[in-house]
Amino acid sequence: MPTAIAVTSPDLVLPSPDRHTPTAAVLQGATGPGGGPGAKGTKGLMGATGAAGGGGGVGSPGARGVLSAAGGKGGARGFSLEQALTEAHTLIEHHGYVIVLCPASTPPAVLHRLHTIRSVLESDRIAIVRSELPPLGLSVLALQLRQLSICDFSPGVLACAARLLSHYIYAGALLGSVARLDRVPVTLQSHAKSWMPGSQFAVLATPRPELVKAGGKSGGKAGGKAGGKAGGDDTLLAGPGFSTKMLYATGQLTPDWVVDTLAPAWNVQGCADVPLPAESARWWATGKLVEFAAAIPDISVLYQLVSSVRREDCRWCGLELIGDRCAFCAAPLLPPPERAPAGRAPAADPGGGAAATGVRALPRGAT
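The end of the sequence shown is residue 367 by UniProt numbering, with every number in the run present.
A portion of the hints provided could be inaccurate.
[What the hints assert, rightly or not] Cross-link-like lysine to aspartate or glutamate pairs, in silico, EDC-like; alpha carbons within 20 Å at most:
1. Lys245 to Asp273
2. Lys288 to Glu122
3. Lys245 to Asp260
4. Lys288 to Asp256
5. Lys288 to Asp260
6. Lys245 to Asp298
7. Lys245 to Asp18
8. Lys288 to Asp273
The hints are simulated quantities; they were obtained by calculation from the structure and are not laboratory data.
Make a model of the complete structure from these sequences and hints.
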């Protein structure tokens, strides 16, 4: 079974683009007794998979919402820590490793519950990856990791790839007001203009914060300049220099500007409408919005992007990593003089042959 990609809310799960891409697991117990927003009426672990894991298997491509969060008042009220532990343990048993994506705006109680689950299980096979991406951008990141989970990447590389891929996701929103927006720097002039009837602003949160006034003169970049001119009085957000597909989710604004103006200027391969995540209105501080995210849709390009990065072995848990920190145990990469020689033997498999590194990660399926 591929490494499980998990999220903390069911509305962060985008449809699989093909029959090979597994769905995401939704951690029902992460929200604790009070539950989380937007998940009323969804099924839990046993309701989705059967008492013995039948009906498609956890995380199988055909099992939609295999681990559904019962986040609202309907299902997770009274969801105990013991049940949350059982849920996480079942995921580990089926998949070996679990990568949990959660937004940086996640309430402290949810984050504390996730770390409690990991600590009580004494498992080094749960990675908790926090991201600064907006809700729809995080959904796209989860989808990309789901696509890559069927490739030959080790769990450590896959978890670390979340940070890398985040830099290639252009996530933002068309907003009716920026008066309360605190995720992106907003100028005093833009604050004043947001009180004018009919004002709309295009905001890019990642990879580089930017804010412009949609359909008029620039509202200013978040820190200075505005985006490039696209004709007329429109000043557009700086777009990606590579091929992308755009997803957009409609709130209380019409998506015309996003679909008819921004998407052609960014030369996206196509646009698709998806449901608005429940967290979006709180994240963007207004319900008058159209959230959008443009990202690389091709799994072969994603694979080349991740595989081109140098891999190292974590000095603490022994898993492979890319970047400067292990996503599973959070141990930092040693400075170059302290690393092993570049000509050493390849990284050992997490399940064995760990003599080359002096450390050993638990094998898949072990408890």
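- Item | Hints the structure fails to honour | 2
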